[in-house]
Amino acid sequence: MHVPDGFINAPVSAIAGVGAAAAIAVSLRGARRELDEKTAPLAGLVAAFIFAVQMLNFPVAAGTSGHLLGGALAAILVGPYTGVLCVSVVLLMQGILFADGGLTALGVNITDMAIVTTVVAYTVFRGLVKVLPRRRSSITAATFVAALLSVPAAALAFTAIYAAGGTTDVPLGKVLTAMVGVHILIGIGEAAITALTVGAVIAVRPDLVHGARGLHAPLKLRVGGELVDAPAPEPVPAAARSTHKVRATFIVAALLLAGFFSFYASASPDGLEKVAHDKGIDTQEKKHATEDSPLAGYSVKDIGNDRVATGLAGMIGVAVTVGVGSGIFWAVRRRKGSAADATPTAVPQTEKV
Amino acid sequence: MTSSAAPASLEVSGLAFAYPDGHQALFGIDLTVGRGERVALLGPNGAGKTTLVLHLNGILTGGAGSVKVAGLPVEKRNLAEIRRRVGIVFQDPDDQLFMPTVREDVAFGPAASGMRGAELEARVHKALERVGMAEYADRPPHHLSFGQRRRVAVATVLAMEPEILVLDEPSSNLDPASRRELADILRALDVTVLMVTHDLPYALELCGRSVILSGGTIAADGKTADVLADEELMRTHRLELPFGFDPRAAAAKA
Amino acid sequence: MGAGHAHKLYRQAASPVHDLPPHCKIAAVFLFVIVVVSTPREAVWAFGLYAVLIAVVAGAARIPAGFLLKRLLIEVPFVAFAVLMPFVVPGDQVHVLGLALSKNGLWGAWNVLAKGTLGVAASVILASTTDLRALLLGLQRLKLPSLLVQIASFMIRYGDVITDEMRRMSIARRSRGFEAKGLKAWSVLAKSAGALFIRSYERGERVHLAMVSRGYAGSMPVIDDVTATGAQWRYAAVLPASALVICLLGWTL
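Chains as they are written, first to last, in our numbering: chain A, 1 to 353; chain B, 1 to 254; chain C, 1 to 253.
The set of hints was computed from the structure by calculation and includes no laboratory data. Hints should not be assumed to be uniformly reliable.
Not everything, but these chain A residues come out facing chain C in the computed CB check (under 7 angstroms) [stated by the list, open to error]: (1) Thr197; (2) Arg205; (3) Pro206.
Don't be surprised by glycine CBs; every beta carbon is placed ideally from N, CA and C.
Generate coordinates for the entire structure from the input sequences, incorporating the hints supplied.
Next comes the structure, spelled out in structure tokens:
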């Protein structure tokens, strides 16, 4: 699942990077609201947990085994914001330390595996919990469905990104069928393991399951009692409000992405042609073979100023989008700084960044 | 026990506390620890020892009674100063050592109170020197042995130059040599020590005075040798000496 | 992650590359990879030159070729994907050894393999010449939000502790005669995962307690910082700058 460098072209990678950065900025604010000054140690430990649990192999059949991706698990156990942060940090570290997932593809990987899985899983989960009767078994069922859908959703997101910026035009239909098909299978495993794991946590420490908070009286605090005076649980309205905000942000990000994707898609005719191939009207495909590529128009024999221009445009595009990305980070941090009176703990944090 | 004009390191009076779930852990504690004293806090599991410790630096508050550290009441507005004055060494050094290197971990406390630069370096070096770990400054904590980690944990607290050092089970999980090394270090320190422990010989070795906490109240307070020798008292509070250990003989030898 | 892993990743040595400040290295590698990704795939020679650049840097960093090559194996799943490309991509066919391969697919496979491999190699050089602590300082210096750096720092600190706990739980399971076989094992393994989560979360709370006890009030004190001189920046910039020249040549030639 970890996309390497060169799989998705530079401009689309950069856009995905900006989108990921924006989503992380939102999550940083959200997580601080959820966990306050405990954010760093708790999210860090949960990230370490996700990292560890990805190494836990679940036997499937005939000697093969699978492992957990963890996006849905993180979202349901610690909430969507902290979940996004934890999985993103895991991906960041995997990219830098283990070269697992390309550095330029970091945005793609985070969008795909940290954001899409977490948001889809949490949205589905909250929706189901509202509808189902308030029982523990409902939590397990909702977890199952949420995790099940989160994996093919990530595959779908990947296909969309590939459609916009894939460096090789494998027919979209094939990518979609392969990705989603395989990932529905993976999703079933993910769903079963996630549901069992959440069920195991609920049986022992129901207060720790973020997604199940509504099920318990607010005074149900630390059971062992020996550690801390537990903070009052998150009031429900606050959670609802924050979900709205995050939803709005994601929609805006999605619109921006979609706008750019479609621009790209329409700029090169390959999208349409791919559909044509799939529908079997590809009798003259040989004539179009070279035009089919994202580099359509720049065949090897025909190098001109066009090529330089596009190359430069690509590079400038990367630079601009990186600039915009940092700009968003700065803006968010400024805002955090100016909100000093409201959230005193956030201030020193932002100052020394 | 206490003397001199300086305020006692620790004054606890009438402390009672119930957890939010209604479980009451402390039922009126009165305890004074003079400056420079080393006191062992003994008691069975569930006696309220940890609850008491967490009151000393204001992590738990809101019950009845008061706690003063060197004359300063533990209240919300004093918390920063209180936490500098009360150094708690927790039982699991892995919880205590959360920074990437030993040096940064020891520097964390002083740096959090605003210390920087050469002064900070000097403070870190001195604290590590006192526990004999100066040459490990740049190691990551997880590359150290358990005993070394415990010593670094003590250093992280010493670096804050606390008024009182509170140790939660300092000898647990240590091999005999590490246990003795830690005792030597603790004996050489010139700070007030409150030591929560189940290790009764260790208490006898290090602390002249012992306090038994049982059922949320102080059940006994006296010379460690006397407390440990009182078989009736010990039995009532589920305290047991290791097989063959004679506190009177040990005290006489020491 | 953790100690065992970390040791294998980082190779202690005295080299000019090791001595560079971490943020210079991270920036250089990142820019290098961006340049590589932006290079047209038809400029085959450009990728050859990039590989030479990487080899030169690896040489300067005293990284043995065998080590570098072994670490490239992380790419294998995507190699499999790339190998499929010539078979599934439509377009002009070429016949090699009796197999009908798509030209476009071959280019695509080449593109992914070349760029992916160079990216992995660059990251491997970064990770093997920069220890974990320095990487975090570098990210902090590069203005990654400090909360993210802190989360990463806690993750690295406790990655070990938690994988150790996981290992102990696995030993405990096996000591009681449990073998992870088939779907029936899932419930048991998931219970372990749940217990591991609870332990991790509770440890997070205890760590927070230890932090608060030493005066933590929501912000990490900056204890270490890294700085770089202009000369160090220029030295680090050699890699992406030469790559950029190659890339621009690749677009024009």
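Q) Given Pro206(A) was flagged as interface, is its beta-carbon under 7 angstroms from a beta-carbon of chain C? A) 11 angstroms, violated
**Q.** Agreement of hint Thr197(A) with chain C interface, Cβ distance less than 7 angstroms
**A.** 4 angstroms, holds
Q: Report holds or violated for the interface hint on Arg205(A), using the least CB-CB distance to chain C and a cut-off of 7 angstroms.
A: 5 angstroms, holds
In the structure shown, a violation is registered for the earlier hint numbered 3 alone.
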